[in-house]
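Student: Protein chains in written order, with UniProt numbering: chain S, 1 to 368; chain L, 1 to 368.
Hints may contain errors.
Repeated chains share a single entry, so a pair holds when one copy, or any two copies, can fit it.
[Claimed, not checked] Simulated crosslink set (EDC-like; lysine to aspartate or glutamate; CA at most 16 Å straight-line):
| id | residue 1 | residue 2 |
| --- | --- | --- |
| 1 | 155 | 309 |
| 2 | 254 | 205 |
| 3 | 243 | 258 |
| 4 | 284 | 223 |
| 5 | 23 | 52 |
| 6 | 130 | 303 |
| 7 | 243 | 267 |
| 8 | 23 | 142 |
| 9 | 243 | 262 |
| 10 | 284 | 231 |
| 11 | 243 | 269 |
| 12 | 155 | 177 |
Rather than coming from a laboratory, the hints here were simulated on the basis of the structure.
There are 2 protein chains.
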Amino acid sequence: MEEKVIYIAGLGLIGGSIALGIKRDHPNYKVLGYNRSDKSREIALERGIVDEATNDFKEFAGLADVIILTVPIKQTINFLKDLATMELKTNVIITDAGSTKGEIVDAAEKYLTGRPVQFVGSHPMAGSHKSGAIAADVNLFENAYYIFTPSTLTKTETISELEDVLSGLHARFIQIDAAEHDRVTSQISHFPHILSASLMEQAGDYANTHEMTNRFAAGGFRDMTRIAESEPGMWTSILVTNKEAVLERIADFKDRLDSIAELISHEDEDGIWNYFNNARLTRKEMEIHKRGGVESSFDLFVDVPDEEDVILQILELLRGTSLVNIHINEENREDSFGILQISFKNAKDLEHAQKVIAENTNYKVTIN
Amino acid sequence: MEEKVIYIAGLGLIGGSIALGIKRDHPNYKVLGYNRSDKSREIALERGIVDEATNDFKEFAGLADVIILTVPIKQTINFLKDLATMELKTNVIITDAGSTKGEIVDAAEKYLTGRPVQFVGSHPMAGSHKSGAIAADVNLFENAYYIFTPSTLTKTETISELEDVLSGLHARFIQIDAAEHDRVTSQISHFPHILSASLMEQAGDYANTHEMTNRFAAGGFRDMTRIAESEPGMWTSILVTNKEAVLERIADFKDRLDSIAELISHEDEDGIWNYFNNARLTRKEMEIHKRGGVESSFDLFVDVPDEEDVILQILELLRGTSLVNIHINEENREDSFGILQISFKNAKDLEHAQKVIAENTNYKVTIN
Numbered sequence: 001m002e003e004k005v006i007y008i009a010g011l012g013l014i015g016g017s018i019a020l021g022i023k024r025d026h027p028n029y030k031v032l033g034y035n036r037s038d039k040s041r042e043i044a045l046e047r048g049i050v051d052e053a054t055n056d057f058k059e060f061a062g063l064a065d066v067i068i069l070t071v072p073i074k075q076t077i078n079f080l081k082d083l084a085t086m087e088l089k090t091n092v093i094i095t096d097a098g099s100t101k102g103e104i105v106d107a108a109e110k111y112l113t114g115r116p117v118q119f120v121g122s123h124p125m126a127g128s129h130k131s132g133a134i135a136a137d138v139n140l141f142e143n144a145y146y147i148f149t150p151s152t153l154t155k156t157e158t159i160s161e162l163e164d165v166l167s168g169l170h171a172r173f174i175q176i177d178a179a180e181h182d183r184v185t186s187q188i189s190h191f192p193h194i195l196s197a198s199l200m201e202q203a204g205d206y207a208n209t210h211e212m213t214n215r216f217a218a219g220g221f222r223d224m225t226r227i228a229e230s231e232p233g234m235w236t237s238i239l240v241t242n243k244e245a246v247l248e249r250i251a252d253f254k255d256r257l258d259s260i261a262e263l264i265s266h267e268d269e270d271g272i273w274n275y276f277n278n279a280r281l282t283r284k285e286m287e288i289h290k291r292g293g294v295e296s297s298f299d300l301f302v303d304v305p306d307e308e309d310v311i312l313q314i315l316e317l318l319r320g321t322s323l324v325n326i327h328i329n330e331e332n333r334e335d336s337f338g339i340l341q342i343s344f345k346n347a348k349d350l351e352h353a354q355k356v357i358a359e360n361t362n363y364k365v366t367i368n
Numbered sequence: 001m002e003e004k005v006i007y008i009a010g011l012g013l014i015g016g017s018i019a020l021g022i023k024r025d026h027p028n029y030k031v032l033g034y035n036r037s038d039k040s041r042e043i044a045l046e047r048g049i050v051d052e053a054t055n056d057f058k059e060f061a062g063l064a065d066v067i068i069l070t071v072p073i074k075q076t077i078n079f080l081k082d083l084a085t086m087e088l089k090t091n092v093i094i095t096d097a098g099s100t101k102g103e104i105v106d107a108a109e110k111y112l113t114g115r116p117v118q119f120v121g122s123h124p125m126a127g128s129h130k131s132g133a134i135a136a137d138v139n140l141f142e143n144a145y146y147i148f149t150p151s152t153l154t155k156t157e158t159i160s161e162l163e164d165v166l167s168g169l170h171a172r173f174i175q176i177d178a179a180e181h182d183r184v185t186s187q188i189s190h191f192p193h194i195l196s197a198s199l200m201e202q203a204g205d206y207a208n209t210h211e212m213t214n215r216f217a218a219g220g221f222r223d224m225t226r227i228a229e230s231e232p233g234m235w236t237s238i239l240v241t242n243k244e245a246v247l248e249r250i251a252d253f254k255d256r257l258d259s260i261a262e263l264i265s266h267e268d269e270d271g272i273w274n275y276f277n278n279a280r281l282t283r284k285e286m287e288i289h290k291r292g293g294v295e296s297s298f299d300l301f302v303d304v305p306d307e308e309d310v311i312l313q314i315l316e317l318l319r320g321t322s323l324v325n326i327h328i329n330e331e332n333r334e335d336s337f338g339i340l341q342i343s344f345k346n347a348k349d350l351e352h353a354q355k356v357i358a359e360n361t362n363y364k365v366t367i368n
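Just chain S, same shape as in the assembly (with noise of 0.2 Å):
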């Protein structure tokens, strides 16, 4: 097998933690590693995350036969530069880990077209309220998305070489245009940010006024405001990046907003009925889509009393079963037990879980 040297430019979560897939399955390979910081080189030499690390970028580029920038978005943009103004290995595939991908494609194809090599743009769709080398794990991203949005220096070959390279990720790997894949990604994860930013910021400022505000948030709130906690500067990235789509959204949901009020305002309960009606069978559509695609999802929901260890009593009794999320207290109680939410891989496992937990206990088991 050929050995190959990698060159991963950011040794943080997602840096160390494609470094750590890509040993897992290519253990010949050589890593090579770029960090700014005295610190995150250090933990990722003593993790064996890489073989050699340093804090010149250009120092390892010209060995790389891969070279993945995992660094952000503006950083990514500047290495670019710096590298059509480099020595490479002739057909270097060069790729990104950016969570916008236009403005990225679009310099790579500014600054490298011309030079011998290829580029693919990347967006590997995992992450963790942890951040750094220390929080690098191999199993990051398994199952999830690993996105590639091709340019006009993406050649047949790239991304099935990228993939071998990145199998030991265990990702699913798909491909899309970097525009349209901005778009999405402004409606399902760009344009959510801000509402549960902007909500969070309302409900602050009212609790000012409104002193119950903060006591009486409970789930619905808490689920909504959740992703308010993401780095700032992250999303202030993604955001100017990604500028055309985001202000599109934003002026459509202003629209829809137009819409709700003018229904209240005119008491227009069969209005407002079917507007709630229809946002509900929108998502029990795209749930139902789940179970036959590869998200599937197979829960159960098991009615269990305030007791210590229930929850061990139960999974004592699913020994061997693969569930894949268990949650309590998805409903408007925040801390006694209520509902137990367990989901499955298969619909095989649900069953049996579900007749287990009826045969051996006296809690309701419904299954949604």
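Got chain S sorted already, so can you dock chain L onto it with the hints?
Tutor: For chain L alone, coordinates are given in the frame of chain S:
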């Protein structure tokens, strides 16, 4: 102990659960029920939720010491009007369970003033994804807020008498002005439902022309649209009975969207950063605030591999510890293990758990 007669009009999830809660502390009380549906009355009688049941609201009203209206908002108002024309026990306590309070309190004052009755509005803040007498649960309100909104028909002793009747619900009783209740809930519940439904509809429409929309929707989007699956009828009533506060929140939110759109248009990175950072700090403060309050939350994060029975293994280590919630996969990954989040009732249990897991596994353990 005095034997009271309690009349619960509406034997759904809320009414049924209140009945069961009353009986837990007052097995000697006589609980009478009303429901239009034969099936609901049958279930309520079979399950011992009520002692007697009627399909004629007027039949039991005159027998009651306490009347609890647990029907939709409009029907609550109709029943208040009906009660004004009926022979009731002197000093009967009348209350309700509606999600908005202003219109109900107004109706009670309008129809019942001058009559020898007491009235206080109630909003028990709990719910479930299930409904009906079949789902009634004595623990539904455990630790949930049970809000009283006084009226001109509330006497000094009304609320304490009601708290005694309802003691078996194990809820947290609290008093607040009806109009203020409606303002606060517009911010933390009613308006967020509009946001969630609107985002869901927007994404649904977008998916028609951008097919990857459903595919890439991940944790954040799911969280933000979960409440879009709520029952449309109830939310329609809530919006039309809390029109003013909700419209005011919509208008305020549109201004906030304008502000962030302006920042994005001008690529004002500092401004955007501050916007996100402010939201993040506001939410973090809210969380910190929780620690000292009744809604304490002590969270532990464990990195777990995608292996069978790994949660079981951890819960076995924690046997006897007061864990209150457990959750996998808060992050941007839909169907593989990752970070297991376990919440405890107090700092002592949290520290104990951290120690035990660190000593007995090689999983990374973090305290947030």
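Student: Between the shortest in-copy and the shortest cross-copy C-alpha distance, which are at most 16 Å for residue 23 and residue 142: within, between, both, or neither?
Tutor: within (14 Å within a copy, 50 Å between copies)
Student: At most 16 Å between CA atoms: does that hold for residue 284 and residue 231 within a copy, between copies, both, or neither?
Tutor: between (31 Å within a copy, 12 Å between copies)
Student: Should residue 284 paired with residue 223 be assigned to within, between, both, or neither, using CA atoms and 16 Å as the limit?
Tutor: between (18 Å within a copy, 14 Å between copies)
Student: Reference check for the pair residue 243 and residue 269, CA-CA at most 16 Å: within, between, both, or neither?
Tutor: For residue 243 and residue 269, only the inter-copy Cα distance (12 Å) is at most 16 Å; the intra-copy one is 36 Å.
Student: Taking 16 Å as the upper bound on the Cα-Cα distance, should residue 254 and residue 205 be classified as within, between, both, or neither?
Tutor: Between. Shortest inter-copy distance 15 Å satisfies the 16 Å Cα cut-off; intra-copy 21 Å does not.
Student: Evaluate residue 155 and residue 309 at a C-alpha cut-off of 16 Å and name the case that applies: within, between, both or neither.
Tutor: Classified as neither; 56 Å inside a copy, 44 Å across copies.
Student: At most 16 Å between CA atoms: does that hold for residue 155 and residue 177 within a copy, between copies, both, or neither?
Tutor: within (15 Å within a copy, 68 Å between copies)
Student: Within, between, both or neither: how does the pair residue 23, residue 52 come out at a Cα-Cα threshold of 16 Å?
Tutor: Within one copy only: 14 Å inside a chain, 70 Å across chains, cut-off 16 Å.
Student: Given a CA cutoff of 16 Å, do residue 243 and residue 258 count as a within-copy pair, a between-copy pair, both, or neither?
Tutor: Intra 23 Å, inter 14 Å, cutoff 16 Å: inter-copy only.
Student: Could you figure out if residue 243 and residue 267 sit no more than 16 Å apart (CA to CA) within one copy, between two copies, both or neither?
Tutor: between (36 Å within a copy, 8 Å between copies)
Student: 16 Å Cα cut-off: does residue 130 pair with residue 303 within a copy, between copies, both or neither?
Tutor: Close across copies (11 Å), not inside one copy (33 Å); limit 16 Å.
Student: Reference check for the pair residue 243 and residue 262, CA-CA at most 16 Å: within, between, both, or neither?
Tutor: between (29 Å within a copy, 11 Å between copies)
In summary, the one numbered hint that this structure violates is 1.
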